[in-house]
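There are 2 protein chains.
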Amino acid sequence: MCAEQYLMYRTHNCGELRNSDLTKQVELSGWVQKIRDKGFILWVDLRDRYGITQLIFDQERTSKEVIELAKTLGREFVINIKGTVIERASKNLLIETGEIEVLVSDLKILNASKTPPFTIENESDGGEELRMKYRYLDIRRNPIKDNLILRHNITQEVRKYLSDNSFIEVETPYLIKSTPEGARDFVVPSRMNSGEFYALPQSPQTFKQLLMVAGMDKYFQIVKCFRDEDLRADRQPEFTQIDCEMAFVKQQNILDTFENLVKHLFLNVKQIKLDKFPVMTYDQAIEKYGTDKPDLRYGMTFIELNEVAKHKDFNVFNKSELVVGFIIKGGDSLTRKEIDKYTEWVKRPQIGAGGLAYMRLQDDGSYKSSVDKFYDQSDLANWAKISGGEKGDILFILSGEKDKVRTQLGALRVHVANELNLKDSNVFKPLWVVDFPLLQWDEETKTFHAMHHPFTSPKSKHIDLINTEPAAVRADAYDLVLNGNEIGGGSIRIHDKEIQQKMFDCLGFTKEEAKKQFGFLMNAFEYGAPPHGGIAFGLDRLVAIMGGNEIIRDFIAFPKNNSGRDVMIDSPSPVSEEQLKEINLKTRQ
Amino acid sequence: MCAEQYLMYRTHNCGELRNSDLTKQVELSGWVQKIRDKGFILWVDLRDRYGITQLIFDQERTSKEVIELAKTLGREFVINIKGTVIERASKNLLIETGEIEVLVSDLKILNASKTPPFTIENESDGGEELRMKYRYLDIRRNPIKDNLILRHNITQEVRKYLSDNSFIEVETPYLIKSTPEGARDFVVPSRMNSGEFYALPQSPQTFKQLLMVAGMDKYFQIVKCFRDEDLRADRQPEFTQIDCEMAFVKQQNILDTFENLVKHLFLNVKQIKLDKFPVMTYDQAIEKYGTDKPDLRYGMTFIELNEVAKHKDFNVFNKSELVVGFIIKGGDSLTRKEIDKYTEWVKRPQIGAGGLAYMRLQDDGSYKSSVDKFYDQSDLANWAKISGGEKGDILFILSGEKDKVRTQLGALRVHVANELNLKDSNVFKPLWVVDFPLLQWDEETKTFHAMHHPFTSPKSKHIDLINTEPAAVRADAYDLVLNGNEIGGGSIRIHDKEIQQKMFDCLGFTKEEAKKQFGFLMNAFEYGAPPHGGIAFGLDRLVAIMGGNEIIRDFIAFPKNNSGRDVMIDSPSPVSEEQLKEINLKTRQ
Numbered sequence: 000m001c002a003e004q005y006l007m008y009r010t011h012n013c014g015e016l017r018n019s020d021l022t023k024q025v026e027l028s029g030w031v032q033k034i035r036d037k038g039f040i041l042w043v044d045l046r047d048r049y050g051i052t053q054l055i056f057d058q059e060r061t062s063k064e065v066i067e068l069a070k071t072l073g074r075e076f077v078i079n080i081k082g083t084v085i086e087r088a089s090k091n092l093l094i095e096t097g098e099i100e101v102l103v104s105d106l107k108i109l110n111a112s113k114t115p116p117f118t119i120e121n122e123s124d125g126g127e128e129l130r131m132k133y134r135y136l137d138i139r140r141n142p143i144k145d146n147l148i149l150r151h152n153i154t155q156e157v158r159k160y161l162s163d164n165s166f167i168e169v170e171t172p173y174l175i176k177s178t179p180e181g182a183r184d185f186v187v188p189s190r191m192n193s194g195e196f197y198a199l200p201q202s203p204q205t206f207k208q209l210l211m212v213a214g215m216d217k218y219f220q221i222v223k224c225f226r227d228e229d230l231r232a233d234r235q236p237e238f239t240q241i242d243c244e245m246a247f248v249k250q251q252n253i254l255d256t257f258e259n260l261v262k263h264l265f266l267n268v269k270q271i272k273l274d275k276f277p278v279m280t281y282d283q284a285i286e287k288y289g290t291d292k293p294d295l296r297y298g299m300t301f302i303e304l305n306e307v308a309k310h311k312d313f314n315v316f317n318k319s320e321l322v323v324g325f326i327i328k329g330g331d332s333l334t335r336k337e338i339d340k341y342t343e344w345v346k347r348p349q350i351g352a353g354g355l356a357y358m359r360l361q362d363d364g365s366y367k368s369s370v371d372k373f374y375d376q377s378d379l380a381n382w383a384k385i386s387g388g389e390k391g392d393i394l395f396i397l398s399g400e401k402d403k404v405r406t407q408l409g410a411l412r413v414h415v416a417n418e419l420n421l422k423d424s425n426v427f428k429p430l431w432v433v434d435f436p437l438l439q440w441d442e443e444t445k446t447f448h449a450m451h452h453p454f455t456s457p458k459s460k461h462i463d464l465i466n467t468e469p470a471a472v473r474a475d476a477y478d479l480v481l482n483g484n485e486i487g488g489g490s491i492r493i494h495d496k497e498i499q500q501k502m503f504d505c506l507g508f509t510k511e512e513a514k515k516q517f518g519f520l521m522n523a524f525e526y527g528a529p530p531h532g533g534i535a536f537g538l539d540r541l542v543a544i545m546g547g548n549e550i551i552r553d554f555i556a557f558p559k560n561n562s563g564r565d566v567m568i569d570s571p572s573p574v575s576e577e578q579l580k581e582i583n584l585k586t587r588q
Numbered sequence: 000m001c002a003e004q005y006l007m008y009r010t011h012n013c014g015e016l017r018n019s020d021l022t023k024q025v026e027l028s029g030w031v032q033k034i035r036d037k038g039f040i041l042w043v044d045l046r047d048r049y050g051i052t053q054l055i056f057d058q059e060r061t062s063k064e065v066i067e068l069a070k071t072l073g074r075e076f077v078i079n080i081k082g083t084v085i086e087r088a089s090k091n092l093l094i095e096t097g098e099i100e101v102l103v104s105d106l107k108i109l110n111a112s113k114t115p116p117f118t119i120e121n122e123s124d125g126g127e128e129l130r131m132k133y134r135y136l137d138i139r140r141n142p143i144k145d146n147l148i149l150r151h152n153i154t155q156e157v158r159k160y161l162s163d164n165s166f167i168e169v170e171t172p173y174l175i176k177s178t179p180e181g182a183r184d185f186v187v188p189s190r191m192n193s194g195e196f197y198a199l200p201q202s203p204q205t206f207k208q209l210l211m212v213a214g215m216d217k218y219f220q221i222v223k224c225f226r227d228e229d230l231r232a233d234r235q236p237e238f239t240q241i242d243c244e245m246a247f248v249k250q251q252n253i254l255d256t257f258e259n260l261v262k263h264l265f266l267n268v269k270q271i272k273l274d275k276f277p278v279m280t281y282d283q284a285i286e287k288y289g290t291d292k293p294d295l296r297y298g299m300t301f302i303e304l305n306e307v308a309k310h311k312d313f314n315v316f317n318k319s320e321l322v323v324g325f326i327i328k329g330g331d332s333l334t335r336k337e338i339d340k341y342t343e344w345v346k347r348p349q350i351g352a353g354g355l356a357y358m359r360l361q362d363d364g365s366y367k368s369s370v371d372k373f374y375d376q377s378d379l380a381n382w383a384k385i386s387g388g389e390k391g392d393i394l395f396i397l398s399g400e401k402d403k404v405r406t407q408l409g410a411l412r413v414h415v416a417n418e419l420n421l422k423d424s425n426v427f428k429p430l431w432v433v434d435f436p437l438l439q440w441d442e443e444t445k446t447f448h449a450m451h452h453p454f455t456s457p458k459s460k461h462i463d464l465i466n467t468e469p470a471a472v473r474a475d476a477y478d479l480v481l482n483g484n485e486i487g488g489g490s491i492r493i494h495d496k497e498i499q500q501k502m503f504d505c506l507g508f509t510k511e512e513a514k515k516q517f518g519f520l521m522n523a524f525e526y527g528a529p530p531h532g533g534i535a536f537g538l539d540r541l542v543a544i545m546g547g548n549e550i551i552r553d554f555i556a557f558p559k560n561n562s563g564r565d566v567m568i569d570s571p572s573p574v575s576e577e578q579l580k581e582i583n584l585k586t587r588q
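Going down the list, the sequences are from chains B and A. Read left to right, the first sequence gives residues 0 to 588 (numbering that gives the first Met the number 0). Read left to right, the second sequence gives residues 0 to 588 (numbering that gives the first Met the number 0).
Rather than coming from a laboratory, the hints here were simulated on the basis of the structure. Quick caveat, the model's predicted, so the values are computed rather than measured. Yeah, the Cβ is synthetic: ideal placement off N, Cα and C, and Gly gets one too. Be aware that one or more of the hints could be misleading.
Covered stretches of chain B (in silico footprint by chain A; criterion: 3 or more residues with CB under 8 Å from a CB of chain A, positions within the stretch not fixed) [claimed, not checked]:
(1) 35-49
(2) 151-162
(3) 168-176
(4) 208-214
(5) 311-320
(6) 556-566
When the alpha-carbon atoms are kept at most 25 Å apart in a straight line, the in silico PhoX-like pairs for lysine-lysine are as follows [stated by the list, open to error]:
(7) B:113 - A:501
(8) B:510 - A:113
(9) B:132 - A:515
(10) A:223 - B:144
(11) A:107 - B:501
Taking the hints into account, I'd like the entire structure generated from these sequences.
In structure tokens:
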């Protein structure tokens, strides 16, 4: 080994020097964040992952050569300096190194830099596309860098908690088998098995169930999954799951275990102590919030008004299956124009409501509604009473077919919260939604399909309903909802071959189809499958919410855009004819 | 929530009851490992991941119904029992629960099992193919289960050590871009970008370098990588790497950091304290062991004999570039027949030596060699002296062209170690091999290619040799070798655009090719790339060696066979015509 190998680039990083280091000889390396050149004196902010340290080049104390070289520096140059830690004349108490600066004696330029296409600042002037193309510069910015560090901290704590609770992380394969069930698979042609394909996993679902049959007892994995879907905004073709499964458990064991996981994460990563999570059934969530992922950071729970709104001549309400509304605290201050905008919003085809009725609860104790023609003050007083509204509030009301109107009002509730800034990204309101329907009716195909997946266990008391009243069957299935987002979902699985067969029948799988796609799982169930269940969390979403931001792309190091492209590496891209020949494929014309 | 949800399947697992639990009422669940039916008394070994607990059903103390049900149990049935912990009449001190048994009062069969196709024992009667087809049963066996737990423990400790040392785990994308450099890529057709393909990463090499440009400073990831190679024995198309990169480092920083990682793993996972790792140059390794991954668990270092073997009339030696051998301690006990077998072994075309010469160092102090016709006792005494051999040893000698004969003798050294059982799987001998050649001459294509990859930095003192004497250029490249296996390898990377261009020139990349394949990395290098370097470990191999076994398949939950098939799920498999249409591909005829 030659001595050169032992040379270092730094004695400290750019975030660690303090007043206690005064007079120390130090060596630093990093990027030039900012240069202030006063002629006889020159300051450089030197940046690395850990922070910023101010360097000072001073005609009186720094050699002429070093000053001359310093004057050639530009933004984002990579430099290495030696110098002495001195006290700053004007301290900056906003940064941790703000009491000191380094008087530079030696300067080496390790690499020059072109002027970056956008500023490396917390608020960058780069647009989304430019930032993605130069993602390696975007990551130098604190917000993105901090997001990636947050992600690291969260995954470390997930692993710590689960390992401490006897879970074993097992890697399941990425080159698996295509199954038409669920979303579209990405397929991978096999060269060695001509004409055959692997598929990339949409989730390790069957493998984690096999691991339970294999006796692993408690499994987890932080794992990439793949879905070839037409991308909606903020969906990625590859995404990361915290995937978990346990044997010999009932639903409550799983809720307890993973409620504690989420509490552990918030406590250890964000120093936030969460209370016990509320539990709500699917039916309650739909009734009270018009969605199975209610945001509990704000109120506006639904009030059903049928009994106080259907006794008069107002036909719109009378012919509606459900009249339902919510109170906006202080909403009487909304102007007529603002209310008109909400009315237009609910009438857009994406929402599809016929109109929006409202009642103001005025400060003088009287009521003013959009349906005054049909209802008198005593009617309206009833509405106020039943809805718990107070002076200064407003009641928004929709009516129509039960399922539809709840969905519409749920969307309006979220929209109002957005408009009135009721979503505090520093407040975290988790809840469990349980007792999901087992099956979902598909209007298009006129068949039932599995609401979660075909391995979800019906509630034992509902098993007999599967053939007679499928829509009424509830499952041992649960979602963990956080601030209006589903961040996790799972179920107790079917471990009984006959119930599984019943389920496949109900979903319209022939015996052959079921055998072809899931035969290995069905076979495994013949050899002593334990009762088991699990849950999977969407890591990208969880990290984004914990980071106080809902754009998941900002929490993924190298995300793809809405067309599934990585614009930095320019992928996907054509491959050579030779490569196609090797895998025995050609492009259709 | 109904009360049923709160029922549990167990109060304890099958590995935790002890004498201190006597008289406790317990509930256990698990698999029936073994049944001994004495008519009036019946014992069942109940197994789960954590251990085995003996259950006792006793005519005098267990109800008739329960005994009757117990008599219907078969191997691998999943059962749930309630009972009382009692002292065993005949204790089994080989297992941790061996002092107690559970007197069963209630028994429930949770799931029956067909008779498994092989025994669930440490030494199974199942052949490789059967075990792979029923991998979920194979994993129930202790050796495989323990391997997966070892793998979990190792990855947890890797993450702990690296996180504690400020490394950030960053997930890099799986859907990337195909590059013809290196091994063959698996490609993934893009449906949304018709005619275009993603590729699965062979390693995150370029992304980790981009993360250094991005200022992440210290990166790691435990990540799946993919290579579409014709599979040699014990190679997998998907494999796992511990991938690491650091900025502002010299080679020695990296060696120190990762030597300490490996020491941390051995200490914390296996309670073994490793000494400082020896460092050997590539040239030394080749000279002394005929390989760049020497196994240091045994001696047999090479002794060059040119100066004491080329002065006589033995033309075989005289016309050889190199005469070289090694001492086998106690090898004089080898019979003539055994030596003949070694001779045949080296003459096989896979090795290709002309023959094997030897010299016995006999107990009476005399020498007996296969070349006595040409060399007298004083010549042979010189050989003995130079080789450090002692009475009772044997010296094996090969001769020929320098590079070839070293490779042949290196192979013979490993073969002798295998034959004489010199490889103790409980002994661990790591070493660093450094100063690898930058370039490797390819006889077939008559070109140089990169020994590691095109981003490896030449030693700074050798940069000028790249154009004039490429074969002499040494790189800042290093391998970590353990017990004759390369378990890690890495290098300092080129961070200078011009040296990178020089390297591409030398490798015969045109500017266009380099730009097309690595343009985004070259672009990134324009914006302030720091000096950086890294290393990647093959996790599968590392875990296998730490587990004392060299078959990596035994350390992967769901491995593929030598044709890249998963025989359990029967993958790869054909996909529907419809799926092919969607990705705009068809099979060639």
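Which constraints among the numbered hints does this structure fail? Numbers only, ascending. Violated hint: only 5; rest satisfied.
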